[in-house]
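Read off the chains here:
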Amino acid sequence: MKILIPLKQVPDSTVRVKVAPDGTSVVTEGITWSISPYDEYAIEMALERKDADPSTVVAVVTVGPERSRDALRQALAMGCDEASLVRAEGAAPLAVARALAKVVAEAKPDLVLCGKQASDDDQGFVGPALAELLGWPHVATITKVVPAEGAVELWREVEGGHEVWKAPLPALATVHKSEKEPRYPSLPGIMKAKKKDIPERPLDALGVDVAAPTWTVVSMEPPPARGGGKILRDGDAKQIAERLATALRDEAKVL
Amino acid sequence: MIAPTGGGIITGLYAGAAPLLLILTFLGFGAFFLRAWRLYRYMRLGRDEARIDHPWRRVRDELVVYLGQRKLLKRPYYVRGLAHAFIFWGFIVITIGTVDLLVDGIIGFHLPGAGNAVFAWTIDIFAVLVLASIAIALVRRVFFPPPRMHVALDGYVILGMIAILMITLLLFEGAGLAAGNLEKGFTPPPIAGAILRSFVFPGESSAVVFFWSWWTHVVTVLAFAAYLPQSKHLHIVTTLPNVFFRKQTPRGALGLIKDIENQETFGAASIRDFSWKQLLDGYTCTECGRCSDNCPALATGKLLDPQKIVLDIRDQLLRDGPKLLGDAKAETTPPAHYLESKPEELWACTTCAACVEACPVTIEHIDKIVDMRRHLTLMEGSAPPEAQRAMTNIERAGNPWGEPRETRGDWATDLGVPTFAEKPDAEYLYFVGCAASVDRRNQKVARALVKVLRTAGVSFAILASEETCNGDPARRIGNEYLWQMQAQRNIDTFKKYGVRKVIASCPHCFNTIANEYPQLGGNYEVIHALQLVDRLISEGKLKVGRGTAEAVAYHDPCYLGRHNGIYNQPRAVLDAIPGVQRVEIEPHNRERGFCCGAGGGRMWMEENVGQRVNHRRIEQLLAINSGATKVASGCPFCLIMLEEGVGAKGVQDQIRPVDVLELVAGRIEN
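Chains as they are written, first to last, in the working numbering: chain U, 308 to 562; chain G, 67 to 736.
Do not take every clue at face value.
What the hints assert, rightly or not - Here are a few chain G residues that face chain U, going by a calculated C-beta distance under 7 Å:
{"id": "1", "residue": "Phe332"}
{"id": "2", "residue": "Leu444"}
{"id": "3", "residue": "Met445"}
{"id": "4", "residue": "Gly447"}
{"id": "5", "residue": "Pro451"}
{"id": "6", "residue": "Gln454"}
{"id": "7", "residue": "Arg462"}
{"id": "8", "residue": "Ala463"}
{"id": "9", "residue": "Gly468"}
{"id": "10", "residue": "Pro470"}
{"id": "11", "residue": "Glu472"}
{"id": "12", "residue": "Tyr547"}
None of these hints come from the bench; they were simulated from the model. Just so you know, even glycine gets a beta-carbon here, dropped at the ideal spot from N, CA and C.
Sequences and hints are given; from them, build the entire structure.
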């Protein structure tokens, strides 16, 4: 089985995001980048298949700027077999999906696993859009994949249990979580990944227009700074409770 | 030795004595050397490692640790330690006599001085001391077997042999005296003399007693030699080199993997990846169980047993040795998987060094555990998931908590603490460390230190977001690569600002920067905050005023105490605070201090087997019943663990964990 994982490089979750002076983007200077967490789960899920069946081939691809090469290296270090880069600066989600559709057509994977959403813009767009462009079955937010004769069982967590969906191959699923935490790369894995060739091509080589229907960011604002808490001290329990209720009603407006 | 000289009793009794003795000697020592040679070849399967630095310190260790038996005479082992020392010293004296006896028996030549009364007296007294010590050892084994000691037949065989040697020695000495072999004019030695005068040897029978006791003695000596390398008592021989080749670099420094990017395997993938010295440690283990007695993981019900770690490596060497001698590249089990339970054993270690401290024969347990962890982490990527999370956080955010890198200096903003960029001529770098940077409880300790340093007029600056984790947890989890990256990053930053002197309030930062950064070319004058405060107080630069009178228990952080020998300065600081009465957590204090459970990367791993180490520590603290209302430490991890412990035990109103720095800062006269 060949599994392809389109991944996205995003600001690491430990980065404190700041709005850039232009008011329409975030500061990317000097920050740490990493693979979007749901994409990491997708990689782990695919690698668990590979652990179970060594003939499985796991490939990763990303549509992004030069720096996203590091994310591909990380995926290779974790144990993925192949990686390729489609170079694009600021490609819109639909353009990304179109580019990925071309990549899938060439690579002919049996299964495409996407993170259910990227942790930076949280749109959850590319996976379903890619399935639509390919005309493939799509199952969202899966937690487990089990191969079945010519098909796959895709497990979804629901309240109090699981749903098991069966899809013919090829298919696309978006990943909510893997059974295990994404693996920490071994050092030989890191070293091997450093030497591996990552082929790249520009977006237009795939015949995709960067500026495909998209949106314009009008403005970005950081969330308002949290004010300090208030401690009610004076008075007995009853008085304090009264003042608390008043404050919750009049100031916080939650009652 | 009071053995008969030419034409004496042996030849008188048995003409074929010399050739027979020669054959027996040959057989006894032949068996010894055959086995010893095999063990030596197994040992040489290990990795090369130079252990000849600091030759004079090595000689000193031989005198103190080997001849002086220093590491045997430790709390709480004084009686048995002394018993061992007497057996050992007796053994040395008597071995000289034995050599004389064999040489004389075979070629009829006495070693110089062997026949005089001083030597006879010395042997006589030691034979009795050895017998008494054997009695102590037997009584202990039979009636009060130490829980962690491996009491096996082996031990009784050896004790029995030594007892036979001593009794026969006294007998033939006595008989020899009766035959008139002592130099004229000397007083006969007391015990042999008593035997001489007793009813044992009336008249002619002295010759018969001499004959039989002499031969029994000689045959036992040779049997002993043949048996030795088959048993744990090989330590009689191996302790000598094992002490000589012990690590002379700081105890807290783990070994560097050089040129890491170009290696193919990391850590102990095979028994061959241990250094020869690690393998020699296995031959030297006496199975006394002192390491296990003192292990906090074992004490709280974890699978780890430091003695077993050493013995498993020895057993695996003996098992895989023959195969590897045949084919150096033969497939063998990685030591980290020698047993199914092995990884779990290895992950339970807090690297507190209680085992290393307790070992009488200078075995280095931690290095082996970390070598096996390196295999698990670097080769297999199989560190526990929580440890992997901590490593990812260090990699991406520069701290194991995963707090944003750029907020690292936020604790100091309202204090106006300058960064090195703002104050390039600062004398000291205060290396804050992750805990005091991002953990709210420990930020208070950092703030306390700032107040102390300012009061004493110390010129310092911090690195704020340019500082990154020193790498200690990563290295101890086995991730040498991540440690090297973190260390190099700090070293580069230190270089950029020309840092020469470093203050650390965290013993882990202190240990790593002082003892391990030199491996990567980073040499600084590093001082722990409590050492500096001690100095500032004694130089009169810091005046500590009187606050509330209170009793404060001192908890020794492993990386200050056992790893770096800093026991006295933190105590001196406590003693210098008027109104504070220092309390010791006896007997688990100083070199027997009990770990808080957070070292060796354990801070970031789940602890769900047995009792939590920090809860045991709180029980020890409560058991001293000292009326202490605070427990002070000098380590952010200890502080976190103690805080959790008092909370879990519900005693937070009785005893409050603090850092010594907070006690000082709270009483500063402005």
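Checking each numbered hint in turn, tell me which of them this model violates, lowest number first.
none
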